[in-house]
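Visitor: Sequence:
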Amino acid sequence: MAERPGGTGRKTGPDGPGPSPLKAKSDHGDRIGAGTPTEESAQERIARAEAENAALLAEKAKLTREREILQQAAKYFAGETIR
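Quick note on the numbering used here: the sequence shown kicks off at -8 and runs consecutively.
Just so you know, these hints were derived from the structure itself, not from any lab.
All figures in this text were calculated on a predicted structure; none of them were measured in a lab.
For each residue, glycine too, the CB sits at the ideal point set by N, CA and C.
Heads up, a few of these hints could be off.
[Stated by the list, open to error] Ranges of calculated distance between the beta carbons of each label pair, as one might list FRET restraints: (1) E35 with T55: 26 to 34 Å; (2) R36 with R56: 42 to 50 Å; (3) E31 with F68: 46 to 54 Å.
Make the full structure from the sequences, and use the hints.
Guide: Below, the structure written as structure tokens:
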């Protein structure tokens, strides 16, 4: 096999292959998921669930109002096309 000019043909550097850029790291340079997972207290879980519930209720109210507006618009434009 012929060598390419200007290269050594090696795929890794002198210190070996580097860490994969596809694996996520935390701010501390640790691999995410390495070690023991942090436990979430019951109060934290409840607070997170309540916040998520409030956000979902707000989104539901917004979507309900949008649906009502679209239904009214559809009735209005359907009435204009019949005339």
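Visitor: Would you mind marking each hint as holding or not holding in the structure?
Guide: Quick rundown of the hints versus the structure:
no.: 1; hint: E35 with T55: 26 to 34 Å; verdict: 30 Å, holds
no.: 2; hint: R36 with R56: 42 to 50 Å; verdict: 31 Å, violated
no.: 3; hint: E31 with F68: 46 to 54 Å; verdict: 50 Å, holds
Hint compliance for this structure: hint 2 alone is broken.
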